[in-house]
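Residue numbers (the numbering used here), protein chains in the order written: chain A, 1199 to 1508; chain B, -2 to 637.
Do not rely on the hints blindly, as some may be mistaken.
Claimed, not checked - Quick look at which bits of chain A chain B covers, simulated, 3 or more residues with Cβ under 8 Å: (1) 1255 to 1263; (2) 1370 to 1384.
Unchecked claim - Now the stretches of chain B that chain A is said to cover, found in silico as 3 or more residues with beta-carbon under 8 Å: (3) 169 to 179; (4) 238 to 246; (5) 302 to 313; (6) 627 to 633.
Hints listed in this document are in silico derivations from the structure and should not be mistaken for laboratory results.
Cβ atoms here follow ideal geometry from the backbone N, Cα and C, with glycine treated the same way.
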Amino acid sequence: MSSIETETEGRAATLTHLQRLEAESIQIMREVVASADNPVMLYSVGKDSACMLHLAKKAFYPAPPPFPLLHVDTTWKFRAMYELRDRAAAAAGMELIVHHNPEAMEKGINPFDHGSLHTDMWKTDGLKQALSKFNFDVAFGGARRDEEKSRAKERVFSFRSANHRWDPKNQRPELWKLYNTRKGKGESIRVFPLSNWTELDIWQYIHLEGIDIVPLYFSDKRPVVERDGLLIMVDDERFRLRDGEQPMMKSVRFRTLGCYPLTGAVESEARTLPEVIQEMLLTTTSERQGRAIDHDQSASMEKKKQEGYF
Amino acid sequence: MNLQDKDPVYVTDALIAEDIDAYLLKHQHKTMLRFITCGSVDDGKSTLIGRLLYDSKMIFEDQLASLENDSKNVGTQGGEIDFALLVDGLAAEREQGITIDVAYRFFATDKRKFIVADTPGHEQYTRNMVTGASTADLAVILIDARQGVLTQTRRHSYLVNLLGIKNVVLAVNKMDLVDYSAERFYEIVSDYSHFAKQIGMESFLPIPISGLKGDNIVTKSPAMPWYQGPTLLGHLEEAPVNDARMQEQPFRMAVQWVNRPNLDFRGFAGQIGAGQVRPGDAIRVLPSGKTTTVKSIVTFDGDLDQAVAGQSVTITFADEIDCSRGDVIVRSDAPCEVADQFEATLVWMAEQEMLPGRPYILKIGTQTVTATVTEPKYEVNVNTLEHLASKTLGLNAIGVVNISTDRPIPFEAYATNPDLGGFILIDRMSNATVAAGMIHFALRRSQNVHWQALDVDREAHASLKNQKPAVVWFTGLSGSGKSTIANIVEKKLHALGKHTFLLDGDNIRHGLNRDLGFTDADRVENIRRVGEVAKLMTDAGLIVLTAFISPFRSERQMVRDLMAPGEFVEVFVDTPLAVAESRDVKGLYKKARAGQLKNFTGIDSPYELPQQAEITVNTVDLTPEDAAERIVQYVLTRMS
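Construct the complete structure from the given sequences, taking the supplied hints into account.
Put into structure tokens, the structure is as follows:
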């Protein structure tokens, strides 16, 4: 990537779009490390996290990234995600912190009985707990501006009040590549180095760089049941089958990854990365549609975010 | 218009289905263009962007369904597809029907990836436009063909030009509503040319379009055969990007971070701002001026033979010379300038007005310093281009000022290199980004005024007096008892054989500061001068007592920073407003309440409470004598 495979436009060499995006993300990460007291990288094991981790390795090479990885776990992720998580952290030479919300653990909060409380407690509350517990002042997140309308306006450096709330009306202007990293007492910053990447950029970059991602993104025969219009994979024995439900083996893959009982699979024959990209380009529904969380109303993500969901 | 009946003009590349590997290879070589769209509220900006997203197949079916639904409920196109809804993000804005912040949108064609900064047209949001323009390679200025060149158009064009954008497209929109009239189009172009010349815009490309109907967006409009130029998208695909221009300049890289994983490796990480670099190149580190050569260009993917502007790399040196974050590495025989006083344009972005003399944090490149505006020169009326005399700048005001930094910094004129000429100012108390600035040039005096080394130094002065110099800074409301207590403190110290001097607010205003009033700007300057005088007196070995309301935290901090560590003793004379007002020794509160005295602290001008005072004396519980005794004890203890 870094060697300039130059596209000559007349007189001078012009960086390709992926080279420009890569250089920008690296610049952002280095600014954080130069100015933060105690940074951390939120690592969710998805493809965006994989890209972000890869960029961090590049930004600080030959040193390992000078911060730990934090996985705010729900105990309900796919088994394949836990495997990749541990492997990727070890390969990067980074400390991996796994946080489980002790209250959710004690109450046995799960996606079958507790609906939206599951996300609220494990993810939203869990993230706040972990950041406070370890006194992290800056947290990298893998969010992209193209994911959802309200994210298009979020800054690269996004400030959170002492109680982790986001105030969209009171954001700092970001000029050139100068980031104002000063924060008040108790404030923390979420930094999004992938802000300007699109889903297609991410896939192309993974392809070009040969980045290790969870095999669930590729099609395979997997046991699924059809429930409420979604194909849900039966990933372990905790899955509660309803009357008449019988897992069927289907060729499926996942476009986004989360808690397995809440994540819809798509039927697909795409077994390689180019095939996945091909399918993505020819498809007609957007990425977030597989997630249950923002179906209710157009503005739901914005509400979630104000409350502290990433 | 019914979208389902009409095939998107920009069809998906057939290669995707036929040969995905070939498609991917082709798309790895795409370049990227960042542009900004600016226009007035009803110029159809959001509609145009929605159209570009739609025509380049960036809208999925589920989004389209939600768009159709929203169009019926809150749309402004009578239930028809309202493209604007695709890009108006935040809930509050959707209700108001306007965009109020910078939003970034993405789309791509076979040749390029595009990042669009969508910024609002409202006058009060200049700061958003400047933000969006700061990273843009190109600007699309929208004009409603029915309205022609408006005040807003002038404002946007001025800002685009100010931010140094060389590629400007004048998109004359809503041509469908003026019957695709060539005459109307050329009339607008002629008007705009006149204005462009006035502001020094070198060139622009006018394109007649209809965002709603899709004319000249992706394909040439059959309704306007008289127009021979490129379509909007066609031009966006061909326009040059800034990186290419920056590569032709001499090498510059601001050091972000020193990479030192072990004793054997020391690399300097940064993003190359200009030029190119190769191993063996002779380089210089600024501001120190030390020289060496480049040993290697290190990346995760292996060492490079060459790196160019725009790339993030890590450079190692042949020799061990000092270099840290904030320094700039430049080509040895073509260094940039180093200075500490500049003329610059400021775009003020905060509600709180700019105060000359107040220290702000200035961030430029990777360097962070303290800076003050020393001399506001004029404010620009962006609508008329008139220069107005002004001592301050309010929200969204643009002005030219002289600015001074607390140490020399490497820089270049913004017009040459935005990377080393663009800066932000940060308020030290609120941490808000309060201004964007662009350096014009260094003031020559900064190179010619040097410190005179004196043989009898401050230690010599102090030791002759057998004391440690200090500034005992009394702050508090008018009538709190500052002067009374300071006077007693001085008498006591004098009796003990100490060399003191009392600077009193009212007395200073009769002489040194007689030209200053009571506006915020004047209050800042008042304190700055008193601080400098007090500093000279400590150099002379004196214990200085000052009695000034000094209502703002920033200025008290500024004086504290002027002094040697430990020599500043802040005394907060803590008297509740009601008590001070009931005393009203000088009858000032009465006048202020009657409206005869403006900007009176505590009444219509704020007093910011000290957060780190060395001593707080409560005058409700303590007599002035007791308060003075406590302060004297503190000063004496400090000395022993």
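Okay, the stretch 1255 to 1263 of chain A and chain B, do three or more residues pass the C-beta test at under 8 Å?
-> holds (count 8)
Verdict on chain A covering the stretch 169 to 179 of chain B, criterion of 3 CB contacts below 8 Å = As far as the stretch 169 to 179 of chain B goes, the hint is violated, because 0 residues have Cβ atoms under 8 Å from chain A.
Between the stretch 302 to 313 of chain B and chain A, see if three or more residues pass the 8 Å beta-carbon test, and mark the coverage as holds or violated.
-> holds (count 8)
Do three or more residues from the stretch 627 to 633 of chain B put their C-beta atoms closer than 8 Å to C-beta atoms of chain A?
-> Coverage by chain A is violated for the stretch 627 to 633 of chain B (0 residues, Cβ < 8 Å).
Outcome, coverage of the stretch 1370 to 1384 of chain A by chain B - at least 3 residues whose beta-carbon is closer than 8 Å to one in that chain = holds (count 11)
Are at least 3 residues of the stretch 238 to 246 of chain B within less than 8 Å of chain A when you compare beta carbons?
-> Contact hint for the stretch 238 to 246 of chain B vs chain A: holds, 6 residues under 8 Å.
Comparing the model with each earlier hint shows violations of hints 3 and 6; every other hint is respected.
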